[in-house]
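Following the hints, position chain B against chain A.
Number of protein chains: 2
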Amino acid sequence: MDIADPKKAYSAEALRSFTASAFEKAGVPPEDAAMAAASLVEADLRGVETHGISHYLPLHIKRIKIGLVEPRANIVVKRERLSTALLDGGNGLGQVIAGRAMNLAIEKAARTGTAFVGITNSNHFGACAYWSMMALPHNQIGIAMTNGSKLPAPGGGRQAMWGTAPISVAIPGDQERSVVLDMATTATTKGRILLYDKRHLRLDPTWALDSAGRPTTDPKEALKGLLQPVGGYKGYGLALVFELLSGILTGGDWSYHLGGPLAEDFSRPTGVGSCFGAIAVDAFMEPIDFKRQVDRVIREIHESPKAEGYDRIYMPGEMEAECKAKRQVEGIPLDADVVMRLTNMGNELGVLFPTEM
Amino acid sequence: MDIADPKKAYSAEALRSFTASAFEKAGVPPEDAAMAAASLVEADLRGVETHGISHYLPLHIKRIKIGLVEPRANIVVKRERLSTALLDGGNGLGQVIAGRAMNLAIEKAARTGTAFVGITNSNHFGACAYWSMMALPHNQIGIAMTNGSKLPAPGGGRQAMWGTAPISVAIPGDQERSVVLDMATTATTKGRILLYDKRHLRLDPTWALDSAGRPTTDPKEALKGLLQPVGGYKGYGLALVFELLSGILTGGDWSYHLGGPLAEDFSRPTGVGSCFGAIAVDAFMEPIDFKRQVDRVIREIHESPKAEGYDRIYMPGEMEAECKAKRQVEGIPLDADVVMRLTNMGNELGVLFPTEM
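From first to last, the protein sequence lines stand for chains A and B.
Just so we're aligned, residue -18 is where the first sequence starts under the numbering used here, counting upward by one.
Just so we're aligned, residue -18 is where the second sequence starts under the numbering used here, counting upward by one.
Treat each hint with caution, since some may be false.
Which copy is meant is left open, because identical chains are indistinguishable; a pair holds if it fits in one copy or across any two.
[Stated by the list, open to error] Straight line, CA to CA, 30 Å or less: simulated BS3-like cross-link-like pairs of lysine-lysine:
1. Lys307 with Lys287
2. Lys(-12) with Lys59
3. Lys205 with Lys287
4. Lys305 with Lys205
5. Lys171 with Lys46
6. Lys(-11) with Lys205
7. Lys205 with Lys307
8. Lys287 with Lys59
9. Lys(-11) with Lys46
10. Lys(-12) with Lys287
11. Lys287 with Lys201
12. Lys287 with Lys46
13. Lys46 with Lys6
The set of hints was computed from the structure by calculation and includes no laboratory data.
Bound-form chain A, shown alone (with noise of 0.2 Å):
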């Protein structure tokens, strides 16, 4: 913890109740601001504060406010088939909008035994997982994609063309943590490279471009520059799939013409297309069987031998379960700017910020 700006804790319920309140001051129906709210509190329980309040709480309001995103949005079904639907968001919030969808893709898969449902005219949903992990308690698997933001270049290319293009997919387990993915498709963040410049660390090769579309591990280069696509052309491939299938399938377009970056470009709607999966563990086998299996998977890996310097071997998703199962109880921490600019938020919209744990 850094001295000169202790993090206070707030609890998890504080920050949903506050953050739905803002909704809806600033015109969202209810329902859908409790559904914004939990998913992006969510992310903050699970540690991914990237994706939580402190940043997209204020960015959500502010493009409501200038009527960059509509606060009561028709959403409408486009297409529909037994198992597929395409929704037409009406520019409402990502979180309403993909709620609406995995929803729907989680009816149709108990009927059917799989669904597919995208959305277009959509904006940026926060974390993937939230919507991959609401097929869970259902007994299903879950996928959740989306377009968003430019930021990688194709492999052999020097601009920036489709976007983070991140995936998640959840399984359930029993007793374990059910598996959570939740990755992009660029070989890292953004915010890591600044992290980087700002303690003069020098990049992994693999990371980023500079403007030439050189591999450099120079910060300052990379900022000027490109993220890389994971594992070059595999991650490069999977982002274009992920591209084809939420921007161009959905009817709305990919990354390379969104505004960039996502939800911070005020000139224009985000146009964000996504799409989600469901498939009912039923239709395979019965699903106390199939977690119970998932399980031994996970005991398997747990207890397989230790690489050097390791001591454990993480499942994807467990991290940020464990960091949610604690920050649960101790609360959620936020820097004191964040508080800081929550607060003012609040004041402009006559809702009152927390006291913390």
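Relative to the frame of chain A, chain B by itself:
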């Protein structure tokens, strides 16, 4: 071309006919033999020799002969919903079971918009792309993934636990070539490490681990150790997801419990599990509109500024499609020792290996 060992070229049609006849002589019904032959020779046409006839045809024939693969497998539907199915492949040829499963996925997706079909009790099905690409002429997006030989370790581990866990996604274009991603979730292949060893080259430190689980640039240490997943924990997470879907959800097991290297362990059936997805484009928009939009994305990427040292940007599957176009005219080049091995195998079965073009 190596002058000491000149390659001769053979027509795809002649190799397909030879391969199908070899399978038939081994007891595979004609229709199934044709399916297996077409998929194996397609890999050779696309320049993916590692998954073509030179390696896998003798292996499959050998496994059939010693009773480890059923030439006339009884493929049974174990569970079925409107948009899903689980097939027990009866330990038949992987190509035959995969073809059955992908056709079923395409049929179901045409009716309900999307489908997901799993197979268990199967065998090595060759290159993933052959199965995902079956969706393209139906104006569908195809997906294929599988488990297999255990090669990499989890992040922080040093024991091989899962397979190369490949995935392929095929997305139809109109005038431009369809996007066909086909990638293992390992950073590189064992074949590449063998090649670097032969040529006394150092490895990229992200490719492999030594036997203590430390990254190594020494091919000899890597050969005693393990492959790394692509992009560290991201490739690890993707591999785990593909393993759980292919091996666990289908009622089989994950690669850790399969024989390895797959198909070269002659002590037991391989027990491969795989799964296949299909998304009907017309469930989201008119196929011609979608394919034209895919074309536009491809052109925008092709025409984007190149990084220093590059004069061209390739799309996933583009090199393979160009290779195929060339080899359809010029034939498939085979090493003299491959020709000898296949000729001998043919002689044993009573099938004449074709003459060169």
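Hints, one by one, checked against the model:
Taking the closest pair of Cα atoms, Lys307 and Lys287 come within 30 Å of each other only inside a single copy of the chain (25 Å); across copies the shortest separation is 47 Å, beyond that limit. Taking the closest pair of Cα atoms, Lys(-12) and Lys59 never come within 30 Å of each other, the shortest separation being 46 Å inside a single copy and 55 Å across copies. In the homo-oligomer, the alpha carbons of Lys205 and Lys287 lie at most 30 Å apart only across protomers (16 Å), although the nearest pairing inside one protomer, at 39 Å, exceeds that limit. In this assembly of identical chains, Lys305 and Lys205 lie within 30 Å of each other by CA distance neither inside one copy nor across copies; the values are 35 Å within and 39 Å between.
Taking the shortest Cα distances, Lys171 and Lys46 sit within 30 Å of each other inside one copy (27 Å), while across copies they are farther apart (56 Å). Taking the shortest alpha-carbon separations for Lys(-11) and Lys205, neither the intra-copy value of 35 Å nor the inter-copy value of 50 Å comes in at or below 30 Å. In this homomeric assembly, Lys205 and Lys307 never come within 30 Å of each other (Cα to Cα): the closest approach is 38 Å inside a single copy and 40 Å across copies. In the homo-oligomer, the alpha carbons of Lys287 and Lys59 never lie at most 30 Å apart, since the shortest distance is 51 Å inside one protomer and 38 Å across protomers.
In this assembly of identical chains, the alpha carbons of Lys(-11) and Lys46 lie at most 30 Å apart only when taken from the same copy (29 Å versus 70 Å across copies). Within a single copy, Lys(-12) and Lys287 get their C-alpha atoms no closer than 34 Å, and across copies no closer than 45 Å, so neither meets the 30 Å cut-off. When the C-alpha separation of Lys287 and Lys201 is checked against a cutoff of 30 Å, the pair qualifies only between copies, where the shortest distance is 21 Å, while the shortest distance within a copy is 36 Å. For the identical chains of this complex, Lys287 and Lys46 are neighbours neither inside a copy (52 Å) nor across copies (40 Å), given an alpha-carbon limit of 30 Å.
For the homomeric pair Lys46 and Lys6, the shortest alpha-carbon distance inside one copy (10 Å) is at most 30 Å, but the shortest distance between copies (74 Å) is not.
Hint compliance for this structure: hints 2, 4, 6, 7, 8, 10, 12 are not met, and every other hint is.
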